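Each chain sits in its own coordinate frame; assemble them with the hints.
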Amino acid sequence: MNCEEYREAIAADPAFDGGVSHVAGCSDCQAYQREMQSLNLRIAKAMLVDVPELKMPELPDIDTSGVTSLPTPKRSMKPVWFAIAATVVLATSISVRMSGVFESDYSLADDVLAHIDHEPGSLRASNAAVSDDRLVRAVPASLATYERGESLITYAQPCVINGNSVPHLVIRGQYGPVTILLMPDEKVAEATPIEGANVKGVILPVGDGSIAIVGGRDEPLEAIKKNVLNSVTWTT
Amino acid sequence: MTSSSIQGERRQRFDSLVSVFYQDMYRFAAWLSRDKAIAEDVVQEALLRAWKSLDALRDDDAAKPWLLTIVRRENARYFEKRRLETVDIDNLSASQAALLAESPNEELDDLRTAIFGLDDDYREPLVLQVLMGYSTSEIAEMMGLKQGAVLTRLHRARHKLKDSVEQ
Chain S
1 MNCEEYREAI AADPAFDGGV SHVAGCSDCQ AYQREMQSLN LRIAKAMLVD
51 VPELKMPELP DIDTSGVTSL PTPKRSMKPV WFAIAATVVL ATSISVRMSG
101 VFESDYSLAD DVLAHIDHEP GSLRASNAAV SDDRLVRAVP ASLATYERGE
151 SLITYAQPCV INGNSVPHLV IRGQYGPVTI LLMPDEKVAE ATPIEGANVK
201 GVILPVGDGS IAIVGGRDEP LEAIKKNVLN SVTWTT
Chain P
1 MTSSSIQGER RQRFDSLVSV FYQDMYRFAA WLSRDKAIAE DVVQEALLRA
51 WKSLDALRDD DAAKPWLLTI VRRENARYFE KRRLETVDID NLSASQAALL
101 AESPNEELDD LRTAIFGLDD DYREPLVLQV LMGYSTSEIA EMMGLKQGAV
151 LTRLHRARHK LKDSVEQ
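Chains as they are written, first to last, in the numbering used here: chain S, 1 to 236; chain P, 1 to 167.
Isolated chain P, as found in the complex (with noise of 0.2 Å):
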């Protein structure tokens, strides 16, 4: 096999990737950012890294938590790399208050509201199970936590939302 053909049978296999998962890599780094822009320069570095680090993925039946991973990856670099503080919800910067300035639905702006409001630690674990659909053995897995501790986060991060709704 030529090395043009390699590459060019390499490159659909990335596209055919980044097809299927894209809006889901989009939607953990904006969950995980909670901001629209910072998240398109998290996607856009995964991406990248995902490119160059390819060929390790051998079966592509894993490409998605690989691909979250990543994006996981990039996002705690981004934060690491420009020490950003704190989100404050009340003094948001425009493309923050994009993520939460989307649904006609008011019952709806609220409980987005209260997940932006949610500690990282209780956020990333719901996102990847209510949005990604992942076991809690498999996010504790991802996080690096115990499963006890991921169902623990869970069971908080629900009640702190169904607290915020009921307000």
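So here's chain S without its partners, still in its complex pose (with noise of 0.2 Å):
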């Protein structure tokens, strides 16, 4: 790959992780590289116009006599699916509180642990990075921009929480796989922690988000939480 080939090609996505070794060792075109993925986020952040509110048309009623049943949700790592009932979850638990049935403790934390259990895949130990091209997919330049460092990033999957994009991260720890997601749009006061059957973490206050940091037990989490704030900054 020459340098005119790799600059179409990083102009074409700013992910594009081929060329390896012409850009390792061309001054030239790691300055472009740098160019192109500023520039793409700058391009990010001018598409984020304001979204006004949303005025639902009205639906008329279908016919439904030929339906039985909507499809099985399957209990997998399937993001929306997981969001859709994690918003279901939400909203009930919402209700009963309201309706002073009793009083319930529902917090983001639940939903942090909620969703990891909800996608064990996650936690599979890996050595294996994940490309620059699936972190961007899972880290959208709309919401955030995430530097590697020098963290080994063994999961990136775009998710939902509560009705938000979460990206999710899992990267290698001390003794195992630490959980990390980017939540742009649920602001917290103040660091709250999180105690899980087996694990343990905090979510962090970053600006009007917050992320999560969730590891083992037994995993020093303080550096890894230095690491990860130096490497987040919101685009939204």
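Treat each hint with caution, since some may be false.
[As the list claims (entries may be wrong)] Straight line, CA to CA, 20 Å or less: simulated EDC-like cross-link-like pairs of lysine to aspartate or glutamate:
1. P:Lys162 / P:Glu107
2. P:Lys146 / S:Asp28
3. P:Lys64 / P:Glu80
4. P:Lys162 / S:Asp117
5. S:Lys45 / P:Asp24
6. S:Lys55 / P:Glu45
7. P:Lys160 / S:Asp117
8. S:Lys45 / P:Glu107
9. P:Lys160 / P:Asp110
10. P:Lys146 / P:Asp121
11. S:Lys55 / P:Asp41
12. S:Lys200 / S:Asp132
13. P:Lys64 / P:Asp119
In case anyone wonders, no lab produced these hints; they're calculated from the structure.
All of these numbers come straight from a predicted model, not from anything done at the bench.
Take a look at the structure:
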């Protein structure tokens, strides 16, 4: 691959991860890559126009006589289905709380734990890093940027929690996988501890959003927290 | 299962999908039409069409591209029906100008104006890639193009934007 081919590829897709050997030895192409990635981030910000409140049109009754049941939700790594289920659970929880039947302590920390429980595949130990392409798809420039730094990112998936897009990353920690959920739309007032059956972690306030970091009980999270906070920039 | 409970489940499923993807639908429509008022109309029509054909969506994991494809078709239908002329960037209507007049950041304003001025052929794949997070092969499928054509359009779009903001 020569300079022209590399630059065409990176201008077409700033997440292009080919041409590694060429770019490693070409400072001009390294500069061009940085320029394109920076331009891409600014394009994403420029495209984020304000969205008016949803006005649902009047929906006509549909003849469902031929419909026996809805598609069965699959219990697997299916972020959208899980998000819908989580939304329903949350809505139910809120309505129960509002009805005064009992005092619920449902929280964002519960959402985070439930989400991790429902994506068990994300916690498989791995030494393989996800590609840049995969990372960019999980963390779209319209939400945030995530600098890899020295972390080995082994899992990257765009997910939804409480109806909001949440990039779900897993990095390799000292004793096992560590989950990172980037939640630009979930504001928390202060650092909130997370305690699960075999995991512990924290939800950190970051600007108008928050970041959840969850690892095994023995995992030292302090250094990871610092690295993650240095790696993430919201673009929303 | 009774008809009313099927209707209720259907409505719940629809509301859940819309709550997750409404923002993407609106922003896609806004950048396709380059007009906030038209984008609202297009999204209303798209929601209605999606509601009517919801049972055709068998897998909710595919909901986002399904909804965006509906928005894309509704936008094309809107412009076909009205035979609207090409947008003249020096003579914008209020709702066209509204798309450009939101950022307090001058550099972003310039970039937004440059995106606004891109031809549809360049702007659409760029929105799908940058804002919606699709790969070039997925964009090719959605737009009915070869992947090479998408790569060329994206490459040219970024160069046009780069030139515009550097001027």
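Now the hints, each set against the structure:
Between Lys162 (chain P) and Glu107 (chain P) the alpha-carbon distance is near 12 Å, which keeps this suggested pair within the 20 Å criterion. About 30 Å separates the Cα atoms of Lys146 (chain P) and Asp28 (chain S), which puts this hinted pair outside 20 Å; it is violated. Using a Cα cut-off of 20 Å, the hinted pair Lys64 (chain P) and Glu80 (chain P) is violated, with the two alpha carbons roughly 24 Å apart. A distance of roughly 44 Å separates the Cα atoms of Lys162 (chain P) and Asp117 (chain S); the hinted pair therefore is violated under the 20 Å criterion.
About 14 Å separates the Cα atoms of Lys45 (chain S) and Asp24 (chain P), which keeps this hinted pair within 20 Å; it holds. At most 20 Å may separate the alpha-carbon atoms for a hinted pair to count; Lys55 (chain S) and Glu45 (chain P) meet this at roughly 11 Å. Proposed proximity of Lys160 (chain P) and Asp117 (chain S) is contradicted: the alpha carbons are some 46 Å apart, above 20 Å. At most 20 Å may separate the alpha-carbon atoms for a hinted pair to count; Lys45 (chain S) and Glu107 (chain P) meet this at roughly 11 Å.
Pair hint Lys160 (chain P) plus Asp110 (chain P) holds up; C-alpha atoms about 13 Å apart against a cutoff of 20 Å. The suggested pairing of Lys146 (chain P) with Asp121 (chain P) holds, with an alpha-carbon distance near 13 Å, which does not exceed 20 Å. Using a Cα cut-off of 20 Å, the hinted pair Lys55 (chain S) and Asp41 (chain P) holds, with the two alpha carbons roughly 10 Å apart. Pair hint Lys200 (chain S) plus Asp132 (chain S) does not hold up; C-alpha atoms about 28 Å apart against a cutoff of 20 Å.
For the hint linking Lys64 (chain P) to Asp119 (chain P), the alpha-carbon distance of about 24 Å lies beyond 20 Å, and the restraint is violated.
Hint compliance for this structure: hints 2, 3, 4, 7, 12 and 13 are broken, all remaining hints hold.
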